[in-house]
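One-letter residues, chain by chain:
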Amino acid sequence: MHLTDRETWTVIHGMVFGAIFLLAFGGGLAGLYSLRPGLVTEQGIVERTRRLILGTWVMAGVAWATVITGTWIVYPWYRDAAVTSAKSRLLANPDTARWHTFGMEWKEHVAWIAPMLATAVAFGVTYYGRNLIKHQGLRKALMVMFVVAFAAAGVAGIFGAFINKVAPIK
Amino acid sequence: MSDVNVEASHPAATAGGADATEPDKPFGPVAAAFIAAGVGVFVLGLLTTLAEASKGFADSLNFRDPVGPLSGKTILAVAAWLVAWVVLHVALRRREVSPRAVYLVTALLVALGLLLTFPTFFDQFAPE
Chain S
1 MHLTDRETWT VIHGMVFGAI FLLAFGGGLA GLYSLRPGLV TEQGIVERTR
51 RLILGTWVMA GVAWATVITG TWIVYPWYRD AAVTSAKSRL LANPDTARWH
101 TFGMEWKEHV AWIAPMLATA VAFGVTYYGR NLIKHQGLRK ALMVMFVVAF
151 AAAGVAGIFG AFINKVAPIK
Chain D
1001 MSDVNVEASH PAATAGGADA TEPDKPFGPV AAAFIAAGVG VFVLGLLTTL
1051 AEASKGFADS LNFRDPVGPL SGKTILAVAA WLVAWVVLHV ALRRREVSPR
1101 AVYLVTALLV ALGLLLTFPT FFDQFAPE
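Heads up: the sequence lines are chains S and D, in that order. By this note's numbering, the letter at position 61 of the first sequence is numbered 61, and the numbering carries on one by one without gaps. For this note's numbering, add 1000 to where a residue sits in the second sequence, where the first one is 1.
Source of the hints: derived by calculation from the structure; they are not laboratory data. Ideal Cβ placement from N, Cα and C applies to all residues, glycine included. Fair warning: there could be bad hints in the mix.
Claimed, not checked - If you want the ones that stay clear, here's a sample from chain S, every Cβ over 10 Å from chain D, calculated:
| # | residue |
| --- | --- |
| 1 | H2 |
| 2 | L3 |
| 3 | W9 |
| 4 | I12 |
| 5 | G26 |
| 6 | R51 |
| 7 | I53 |
| 8 | R89 |
| 9 | A92 |
| 10 | P94 |
| 11 | D95 |
| 12 | A97 |
| 13 | I158 |
| 14 | N164 |
| 15 | K170 |
Unchecked claim - Calculated cross-link-like contacts (lysine to any residue; reagent style SDA-like; alpha-carbon spacing at most 20 Å):
| # | chain 1 | residue 1 | chain 2 | residue 2 |
| --- | --- | --- | --- | --- |
| 16 | S | K87 | D | T1120 |
| 17 | S | K87 | D | N1062 |
| 18 | S | K87 | D | D1123 |
Using the sequences and the hints given, assemble the complete structure.
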């Protein structure tokens, strides 16, 4: 059960950082959704806000970790000029070329949208804190931004998983 | 999207939970965070499409060879995001701005950024 250094970093990027972000999204969205006066008690607001602040900042941090490890550690191995690199192998076969020309080209850019939006969400939640419940319009806007961040990360994650299946980084 | 404080009278939104005694904070800092995120996304998209349109421009974004032009795109996009956030925060931190206008501007910038980073779109600008 041996993994090379490159495989290990690919796992850290995608299956650790990336997966944490995508899986934590559900909890974060539920937390924002339920922050409505009719649904929570006074104590509930305090408890949920604390969790929401921590959760959104952890998610923003994880999103940054995902794109930084992806771009600056894994991506150079992917795009290496050698014929054995993942990119070279994909482009060498017309049946797999689109995994790079569309899949990776989309993934490598759209992923960076997630941490910028996630950080804005974390800031908005933190700034108003327990008083966020008084700003229902902002709460909805934060949810929308949160969903867009998730969608961007989701696209990157899906294509990353498939590309690594078709042309693993070794 | 209205941000009118219609729910403040609910018991759970005041005593113990939300702080009814504390004056409401200006929306400016949140507006700055939102718009700055939009700026960052838009700049990323713009650089992506421009790099596709011009190999010379793409080469100029090659800040670090193993990463290629993506290094410059991401560094400049993040820099634009941070600079915009600082500038807007300083400018708006004590001001009330229209949430609707902020959401609209942010949505527009993010939508453009998403479009400009979509391969089927930016491929249209690739040289023949």
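Status of the hints after comparison with the structure:
1. H2: holds, 25 Å
2. L3: Consistent with the label, S/L3 stays out of reach of chain D, its closest Cβ about 21 Å off (over 10 Å).
3. W9: Its Cβ never comes within 10 Å of chain D, the nearest being 13 Å, so this holds.
4. I12: Since the minimum Cβ distance to chain D is about 18 Å, S/I12 lies beyond 10 Å and the statement holds.
5. G26: Nearest chain D Cβ is 22 Å from S/G26, so the label holds.
6. R51: holds, 14 Å
7. I53: With a cut-off of 10 Å, S/I53 remains clear of chain D, as the shortest Cβ separation is near 14 Å.
8. R89: holds, 18 Å
9. A92: holds, 19 Å
10. P94: Its Cβ never comes within 10 Å of chain D, the nearest being 17 Å, so this holds.
11. D95: holds, 18 Å
12. A97: holds, 12 Å
13. I158: holds, 15 Å
14. N164: holds, 18 Å
15. K170: For S/K170, whose nearest Cβ neighbour in chain D is about 17 Å away, the distance exceeds 10 Å, so it holds.
16. S/K87 <-> D/T1120: Holds, because 19 Å separates the two Cα atoms, which is no more than 20 Å.
17. S/K87 <-> D/N1062: Distance of about 18 Å is within 20 Å: holds.
18. S/K87 <-> D/D1123: holds, 18 Å
In this structure, none of the earlier numbered hints is contradicted; all agree with it.
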